[in-house]
Amino acid sequence: MPSTFNEKCYELLMQIPKGKVVTYGDIAHALGTKAYQAVGNAMGANPNPIVVPCHRVIKGNGEIGNYALGIGKKIELLQNEGIEICNNKVVNFKACRFVFPPKLM
DNA sequence: ATGTTGACCTAGA
DNA sequence: CTCTAGGCCAACA
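Sequential numbering of the first sequence, starting at 6, is according to the working numbering.
Treat the hints as calculated values from the structure; they're not laboratory data.
Among the hints, a few may not be true.
Said to hold, decoys possible - Label-pair restraints from in silico Cβ distances: (1) 37 to 91: 28 to 38 angstroms; (2) 89 to 6: 13 to 23 angstroms; (3) 6 to 94: 33 to 43 angstroms; (4) 97 to 20: 33 to 43 angstroms; (5) 85 to 105: 18 to 28 angstroms; (6) 6 to 77: 12 to 22 angstroms; (7) 84 to 37: 12 to 22 angstroms; (8) 20 to 96: 37 to 47 angstroms; (9) 106 to 56: 35 to 45 angstroms; (10) 39 to 100: 36 to 46 angstroms; (11) 107 to 77: 16 to 26 angstroms; (12) 84 to 104: 15 to 25 angstroms.
Positions of the beta carbon are idealized from the N, C-alpha and C atoms, including for glycine.
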């Protein structure tokens, strides 16, 4: 059970399938808030970069953004997922954009 | 409670 | 394209 905001972000990140990417804004929106920066901060806090695929999170304009282990590492991971990267930007980024499942109610 | 910072976003010039 | 300005929220000192 998530106790802090970052925990919620990690939960969403783990829901992202392979070969898909999301933006910080999408995560914030999925959480029902606009704390884009809070999401980025949560990634920066990244306590377990293994169970949490933070490398699948990019900026809203298609750029890679940043990564705790380094941008280069993030690019390699994304390419390893099958995503094309060029000049620190995602190719066909909207085609790889993943949408979180809406909350049933 | 206050002030600062941050892996951000949008708009305007 | 680059730069400036505003907004928006959570974590930390």
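How the hints compare with the structure:
no., hint, verdict
1, 37 to 91: 28 to 38 angstroms, "33 angstroms, holds"
2, 89 to 6: 13 to 23 angstroms, "37 angstroms, violated"
3, 6 to 94: 33 to 43 angstroms, "36 angstroms, holds"
4, 97 to 20: 33 to 43 angstroms, "21 angstroms, violated"
5, 85 to 105: 18 to 28 angstroms, "23 angstroms, holds"
6, 6 to 77: 12 to 22 angstroms, "35 angstroms, violated"
7, 84 to 37: 12 to 22 angstroms, "32 angstroms, violated"
8, 20 to 96: 37 to 47 angstroms, "23 angstroms, violated"
9, 106 to 56: 35 to 45 angstroms, "20 angstroms, violated"
10, 39 to 100: 36 to 46 angstroms, "25 angstroms, violated"
11, 107 to 77: 16 to 26 angstroms, "35 angstroms, violated"
12, 84 to 104: 15 to 25 angstroms, "22 angstroms, holds"
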